[in-house]
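Q: Line by line, the protein sequences give chains A and F. First residue of the first sequence? That's 10 in the numbering used here, and the numbers climb one at a time after it. First residue of the second sequence? That's 63 in the numbering used here, and the numbers climb one at a time after it.
None of these hints come from the bench; they were simulated from the model. Each residue gets a CB set at the ideal place from its N, CA and C atoms; glycine is no exception. Take every hint as true, because none was put in to throw you off.
Below, simulated DSSO-like cross-link-like pairs (lysine-lysine); rule was C-alpha separation at most 30 Å, straight line:
{"hint": "1", "chain 1": "F", "residue 1": "K256", "chain 2": "A", "residue 2": "K37"}
{"hint": "2", "chain 1": "F", "residue 1": "K256", "chain 2": "A", "residue 2": "K72"}
{"hint": "3", "chain 1": "A", "residue 1": "K55", "chain 2": "A", "residue 2": "K127"}
{"hint": "4", "chain 1": "F", "residue 1": "K254", "chain 2": "A", "residue 2": "K119"}
{"hint": "5", "chain 1": "F", "residue 1": "K86", "chain 2": "F", "residue 2": "K286"}
{"hint": "6", "chain 1": "A", "residue 1": "K275", "chain 2": "F", "residue 2": "K78"}
{"hint": "7", "chain 1": "A", "residue 1": "K127", "chain 2": "F", "residue 2": "K256"}
{"hint": "8", "chain 1": "F", "residue 1": "K164", "chain 2": "F", "residue 2": "K114"}
{"hint": "9", "chain 1": "A", "residue 1": "K210", "chain 2": "A", "residue 2": "K185"}
{"hint": "10", "chain 1": "A", "residue 1": "K119", "chain 2": "A", "residue 2": "K161"}
Some, not all, of what chain F presents toward chain A, calculated at C-beta under 8 Å:
{"hint": "11", "residue": "E131"}
{"hint": "12", "residue": "R134"}
{"hint": "13", "residue": "R135"}
{"hint": "14", "residue": "Y246"}
{"hint": "15", "residue": "P247"}
{"hint": "16", "residue": "S248"}
{"hint": "17", "residue": "P250"}
{"hint": "18", "residue": "I253"}
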Amino acid sequence: MDLLINLEECYSNEDRMIQATVADFANKELSTGISDAFEKGYFPTKIIPEFANLGLFGISLPKPYGLELSKLAYGLICYELEKIDSAYRSFISVQNSLVMYPIHEFGNEKQRSIYLPKTSSGEWIGCFALTEPDHGSDPDNMETVAEKISGKWVINGSKAWITNAPIADFIICWAKTSIGIRGFLVNSATRGVIINEMKHKMSLRASVTGEIVFENVELAEDCILPGTEVGLVAALKCLTQARFGICFGAIGAAMDCFETALDYSKNRRQFDKPISSCQLIQADLVEMYQELTKSQLMNIQLAKNSNTKNWHIQVSLAKRNACRVALNVARSSRNILGANGIMLEYKIIRHLLNLETVFTYEGTDNIHTLIVGKYLTGDNAI
Amino acid sequence: MKILVCVKQVINPYAKVFPDEENKIVRSNNARYSINPFDEIAVEEAVRLKEKYGFEVIIVGIGSLDIQESMRRALAIGADRGILVNTDVELCTLVVSKIIAKLAQEENINLIVMGKQSTDGDHSHTGQMVAGLLDWPQGTFVSELTIGDDYLKVVREVDNGLETLQLVMPAVITVDLRLNEPRYPSLPNIIKAKNKPLNKINFSDLNIPEHTGYEEIRYDSPLKREQGIILSGSEELVDKLNLSSMVVK
Ligand SMILES: Cc1cc2nc3c(=O)[nH]c(=O)nc-3n(C[C@H](O)[C@H](O)[C@H](O)COP(=O)(O)OP(=O)(O)OC[C@H]3O[C@@H](n4cnc5c(N)ncnc54)[C@H](O)[C@@H]3O)c2cc1C
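Next up, chain A with everything else stripped away, as it sits in the complex:
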């Protein structure tokens, strides 16, 4: 679409080239099979080597392990992937922000040199296991425990809602030790690890989600990520990175809905005229365009601010904004397509269903509200 406010002027040439390349790749390689993957409920794993060839694993990690791309470039990549489907962006978010980032940030040199080359080549897929069946918004109260028994770590407990778990080669598992929450590297094939796919999700269907049970799982002493001695804060740092990607991604999904609705409205004729010539439809289109543009500007500034004070709170505000805007845009777009709006073929209903997850995971809307609320008032209402 032609742009009224040309945001690309905020991008470096390199960022623009990266976005154009990923957009091109996404349109040609990711869009064709996505309806089928969504309908049947599987992640198209054959795309993993192509993601690796393109360089999508290790996007913002420093060299030599990553590409050291700008924050904005990471955001724009998420935008383009989620424009196709939230499942692709989720996959990239997990491998980059929730798997490679913590290994680099909290791992020792040996762990980095074992895990990072394999994860950046896509040979190994990881997952991030924080949430439990009984603890979502309050991970601090998690029940999974890791005990040190005669020179070994022994993990017991269960995790739920873990993206990529059914296809993961290893797990970054967060568990309580006698001295606080720590992160562990657990090979999925370790004895006592049981992974079950969570079927019948009605959202993010092209992404696989799993439940993991740890039953007396014995790990060598050096499976702990030493940098996680700060406790839960370490896990939250990973989430800040992933949430940043969601801010861009959700707007990507919404933009695809908006563009579909705009195009449809110009071609759909009722009462002998295109519905786009009706004032009420125009009001909806303008409202969507306005909110999308505002959100994009906020996101660009968020990328620039990544080294400023309270960035994680800025990210909370932007995640809350992006998900709300995206859901509203998806719903309005769905309405503009009338009955066609519920058909898989027109994409919007798929985005709309996906966005229900995006609204909830990586900190629910309520939780982000309360994080920003605490910043404003000084009172913790969580």
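Use these hints to put chain F with the ligand onto chain A, whose structure you have.
A: Only chain F with the ligand this time, still in chain A's reference frame:
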């Protein structure tokens, strides 16, 4: 061996375009510009030859500094270095051909690979003109290419089928759609491309006259198609066909 590949930046083929008020140039609202698709195929082919035989691949672009983006893309696909001939004047194909011929001689090029045409002007002149100016053999509309010690074998897509030619190098070829499928430049290669040499020279320093007695007079939008009508039956149809003259005599 050295291969020279020409890269033009064109308005994205999917953008809506229209003539400006004076009908002098074609405009578009904030449309993206991208590398001419045929040139991308030319770059890909040259890079494949480089990967197989170790040739050096040099990109040439002619235009404003904005075309660096397309040139960087070519470098990201795998070309070694670029030469940007800077000018803000819209040059006609003959002048462009003279620039390319001159650079090919200065750089001791063995093979020039170009797109068969650019998607904006659709002239399909430049490769032929360059070959003429240099007095080199040419293979146009190439859909298959093999390389020997000092010759090239090319398969050309022509109206009545496929034509196979053998050319002595140095030579000029222009490439068709089916020659290859260009790769996506990977993100690491996009970053590497940033540091590859891109030499800028001024068109005015080449001492090539800008004017050639060729002028673009005006651009017009295609005529709007009139809306169709539904007829009541065959009688009315014959009537209409008779009226709209040309069809039934
Ligand atoms: C498809 C999918 C993939 C996921 N992938 C992962 C993953 O890879 N790794 C991982 O660790 N987790 C993952 N999750 C889990 C996700 O992060 C959690 O679902 C989320 O944190 C919310 O937790 P919950 O579902 O237990 O909801 P709850 O915490 O039970 O919340 C229920 C409702 O109560 C509200 N609420 C809770 N506490 C408060 C409060 N104090 N004040 C006001 N309102 C409150 C919430 O906002 C929400 O509306 C995934 C979830 C989904 C759906």
